[in-house]
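J.: Chains as they are written, first to last, in my numbering: chain A, 3 to 474; chain B, 3 to 474; chain C, 3 to 474.
FYI, nobody ran anything at the bench for these hints, they're computed from the structure. Wrong hints could be hidden among the right ones.
Identical copies carry no separate label here, and so any pair may be met within one copy or between two of them.
Listed below are the simulated EDC-like cross-link pairs for lysine to aspartate or glutamate, each with C-alpha atoms no more than 16 Å apart in a straight line [unchecked claim]:
#1 Lys-259 with Glu-467
#2 Lys-321 with Glu-467
#3 Lys-321 with Glu-454
#4 Lys-248 with Glu-455
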Amino acid sequence: MPTLKATMTPGMLRGLLLVLLGIGLFVGSGATALAAGGDPTGADTLAADPNAGLNFAWVLVTGFLVFSMQLGFALLGAGLMRAKHTVNYMTKSFMDFCITGISYWAFGFALMFGASGAVIGGAVANGLTKGNWLIGYSGFFLTSDAYDVTTIALWFFQMIFAATAATIVAGMVAERMKITAYLAYSFLIGAIIYPIYGHWVWGGGWLATLPFGSGARDFAGSGAVHVIGGTVGLMGAWLVGPRIGKFNADGTPNQFKGHNLVYVVAGTFILFFGWFGFNPGTTLAATDLRISVIAVNTFLAGATGAVVALYLGIVRTGKADIIAACNGSLAGLVGVTASVAYVAPWAAVVIGAVAPLVQQAAANFVERRLRIDDVVGAFGVHAGGGLWGLLAVGIFADGTYGGVSGLVAGEGGQLVAQLISMGTVAAWGLGTGFLVFGLLKKTVGLRASREEEMEGLDMPEHGIEAYPQQVD
Amino acid sequence: MPTLKATMTPGMLRGLLLVLLGIGLFVGSGATALAAGGDPTGADTLAADPNAGLNFAWVLVTGFLVFSMQLGFALLGAGLMRAKHTVNYMTKSFMDFCITGISYWAFGFALMFGASGAVIGGAVANGLTKGNWLIGYSGFFLTSDAYDVTTIALWFFQMIFAATAATIVAGMVAERMKITAYLAYSFLIGAIIYPIYGHWVWGGGWLATLPFGSGARDFAGSGAVHVIGGTVGLMGAWLVGPRIGKFNADGTPNQFKGHNLVYVVAGTFILFFGWFGFNPGTTLAATDLRISVIAVNTFLAGATGAVVALYLGIVRTGKADIIAACNGSLAGLVGVTASVAYVAPWAAVVIGAVAPLVQQAAANFVERRLRIDDVVGAFGVHAGGGLWGLLAVGIFADGTYGGVSGLVAGEGGQLVAQLISMGTVAAWGLGTGFLVFGLLKKTVGLRASREEEMEGLDMPEHGIEAYPQQVD
Amino acid sequence: MPTLKATMTPGMLRGLLLVLLGIGLFVGSGATALAAGGDPTGADTLAADPNAGLNFAWVLVTGFLVFSMQLGFALLGAGLMRAKHTVNYMTKSFMDFCITGISYWAFGFALMFGASGAVIGGAVANGLTKGNWLIGYSGFFLTSDAYDVTTIALWFFQMIFAATAATIVAGMVAERMKITAYLAYSFLIGAIIYPIYGHWVWGGGWLATLPFGSGARDFAGSGAVHVIGGTVGLMGAWLVGPRIGKFNADGTPNQFKGHNLVYVVAGTFILFFGWFGFNPGTTLAATDLRISVIAVNTFLAGATGAVVALYLGIVRTGKADIIAACNGSLAGLVGVTASVAYVAPWAAVVIGAVAPLVQQAAANFVERRLRIDDVVGAFGVHAGGGLWGLLAVGIFADGTYGGVSGLVAGEGGQLVAQLISMGTVAAWGLGTGFLVFGLLKKTVGLRASREEEMEGLDMPEHGIEAYPQQVD
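The task is simple: from the sequences and hints, build the whole structure.
T.: Quick look at the structure:
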């Protein structure tokens, strides 16, 4: 299969290794870091902030939980695939966080937080001093003064968010996109697409400083992670085209069943579990006791989303549709993510109750109007739920946290900032998604051959089936 | 399928949403909370207790681990089901924690802890001041002065315990109970059954203040969670009746095999993992260094239970019975849960060694004497193991923690208190289980039709199989 | 099946229980512990070290994550097995941590840390005062002055490391070793093999005090855990002999496919997740802020290992080999484990990039030169990756942590210490592995019968299949 081989040669691998060695030896040494003002041991940082140990542990442990979401996405998607494409999907799911993580280490983090002067509780990240309203540009490769315990703790947490955005796309373009094209995309979302929007809203860029309300707010990433993933993936799914047989000649869609509902539900459980890292961890400090409210709001929105979706299904069709309940739950979780620190528990219930309605409407719009083939329905969950989440900040923020007040607290300005961020994130995700997948389509090509797709991508691209049939 | 549809209409959903909005807007606002004396931001709480950040993080992270047990129960049970009922079981497992969580938010927590004046380390939960020896009644919906970081942290941890009790029942009534009846039960265990007994033993009620020993003690819920789940489930399994073909005309049982042993063992691993949240987290404080002893006792009891059960199987049948080992391990974990903070590691080994004997005897009693069809054997593990656990406090508590001393420390009074609590919890679980499932049987009906059961519940109730057979 | 029955009688079980009761009642009481100087409640420990709560929580929570790796090993291996041996493998995976944990409680911990005077942050473990350069001998059964919160926290973390070493072997001897022989081995690795080498490098023994560099360093166990597991398992795989049909008459190997690639990838995800406990937790203190660098180095090495292995496969065969990527990722994780605290992020990337090359070379050497049948390829990952990891300390340690400096910091002495530890760990693992499996081969026998192996071990040894085929 020459298309795969052609993308990489042994010489390229060796060259890459030498580049890394070079970077390390010339700018990455411990002596350089100390001379440059980083704190690679943490002794100075702990002396300056006695709570740093607690807050570092919080950031890391919640980050580990977010990491577990990668498995959740992998299982959820795998269950919704047909068996013959399962190895392909699992490979994409496993590799995307690896590749996105590496590109975020090399480039993305510097673009996103290069000028943020970020803190973890009372500890200040070193080496993040260069940038402007549009983009940051320091901290590349975590070398020099960015070889610093605080900067590196921040990197870890943020990297896993980048990887979450990346993997949302895998399910949308599944069962027909070539693995090499997907891996190239994974590099680019971690290096460029995710970080630049992230800079605008979390890295000190222009959205965070809008003169309405408290500026655009997106606490844990309804927009920065989920809408980005959902909109970039929509462009991927559109440009790669629908699966063979997905749409009839008159444009009406057919439903393909997945192959394992246990994986689907298990994946959703794991995603729900990981969300307890995603949202509470975003305080970056356990000394911020609002973490308890955040955890509870997360739970209530996810639980309510599931309940509303399940009973909606019962009312409409007489069936207790578990896939709808899983998606409803995830929509509730995505939906509460932007406002989770700013609202009261009752509001989390309302946000979670509305989320599956938005999610289902968005999914239907994509499938029936746009006629784009989003295999796992991720657009509804992540883009639909995420946009609703950004809006909900402007409605339900009650003024008890961070000074963010929405309509229920009698303030209208926040809603303006949120609407601007909703338009911006959708435009950025759709625009960059179009450029990246368009570029890949023109160059390496996005789509497996018709024969490969009919056979299933597993044997042609990976040489193995998910469930090999052993003779003995 | 009109029975499902009839339970809920779109108007009911809309009405529910409006009720929630109303509650929120009129009593749930941030301003109301502050005026009422709650601390929704946590600033006052942290100022009063500098360790609050650590202890909140401990409560939340261990609570997240307990949440993961939901997946453990789901996989363990799914593996023990026949494939044709698997979607039904997974749906129940996924929905019960959602519904129980919501009913515990609305009602249960207030009944359980309404008068507890509970603390997390040195932080005091606000808004929990009303109640008596029988029942509490403040903190409904976490509004007003219960919109408070400490109260809400406590709610989170306790809610997941309620959800654990709830989901134990799913496996016992599996393969024949209708989803709608099961979901109604889920609401009631979270709203009423679990909280009222919980109040008696954990919320400052009469069992905790018995004039024997230190009063009835159940550290992390051998009784309050596991016996409740096991006994309520026994009534459910009895009232719904045995599966078609389970018992022969002469009353002897047949064994149905499950469909996936990998799920069974994986589920047990995850439950074991989650128990490290369940038991150590119950200190509600990492500043209570006994957490290390608790973690180790948990491990030793679970490991010993598995080893004894496995070798018992080898001795009896010549086979290394992995299902017995999994159940033995879980029985050891349930068994040590009540006493886990009060005993030494050697005692945890003894408790874990005895637990599978009790579990197997209880399971055999239910199946061969009572002729009740407990699909996954949860009565033996949770009720059998749990009652043994309550007893073990009276025997092995060594006086090194919380002033609780049992026979090994030369005190007999604690045993009296434990025996009273054993009778009480069994009576409460059996009684309320009978009432709830009896009521549901008379009204919506418990049991799927004979045709549905023969076909498997998945297609009739959910419209999808666990492992759809795709044509291409 | 008399061979299983003959290994244990009911009388033996009862006897064991009485022994435990005796130990407990005579030397294990709380009063004895207090009198002996242990601190079973933790009050004195907390008074002496106000950070003890944080550091205990860190040690326990990261230990819980390491525990989750047991499930990772179970799923990864199960997926690589043929379905007919899957219950056997799952049983071994589930039981080995139970048995190793118990033998480590009774004996192993005392041999390993008996004279370590170990600390958790500022808290000193009591009861660990007896031993010499070769071996320790206090703390048996965690009784007397070892009934102490700090000692017990240390035990928990170290026990799970012992269990990790133990379970590596399960995959190497799979599909033909008898369960009883495997369980006997599990006891011995936890009681003797793992602890004695562990004492030399972590318990204050001779390797830690070598007069080169900082003495041999193995931060989180590339050698002490992974090389031990890999080399002991190699002896097991050699002595039990290859599976029927593995090697042709001319010595060339055949490849057996596993039965479930989803399990393989899910298991790898879980191992990766657990590694975030394995490495950062080894600081035993969250007040050591280097934990952030450790977490990030862990991630980067694992991600880079996966990427290099995947693209190597694409270059060589045109296929994106997901099993190779999983193994490459694990090799990167093993490879960085020894040096993870001592190196900069760029060096973790280089270590991770080299690891799959070493791993594949080692795996090929075992299969094609030694003609030993290592079912899951664990030798390459754990022994190959582990030896590379020990070496990497001597090369990449940059002097920013613990005073450990390798070649990149201009020091050559550390490399000498590392080379000595590499030879020692390999010799110890191979030697004790040969003795233990040789002894078991001569006594209870290692190998299932030819008929059992052809049928699959599941029915003969366990009486159940992994995927029972239900008639209805």
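J.: I want to check one pair: Lys-321 and Glu-454. Are their C-alpha atoms no more than 16 Å apart within a copy, between two copies, both, or neither?
T.: between (35 Å within a copy, 13 Å between copies)
J.: Is it within, between, both, or neither for Lys-248 and Glu-455, if the alpha carbons may be no more than 16 Å apart?
T.: within (12 Å within a copy, 33 Å between copies)
J.: Give the relationship of Lys-259 and Glu-467 under a CA distance limit of 16 Å: within one copy only, between copies only, both, or neither.
T.: between (18 Å within a copy, 10 Å between copies)
J.: Is it within, between, both, or neither for Lys-321 and Glu-467, if the alpha carbons may be no more than 16 Å apart?
T.: between (33 Å within a copy, 12 Å between copies)
Hint violations for this structure: none, all hints satisfied.
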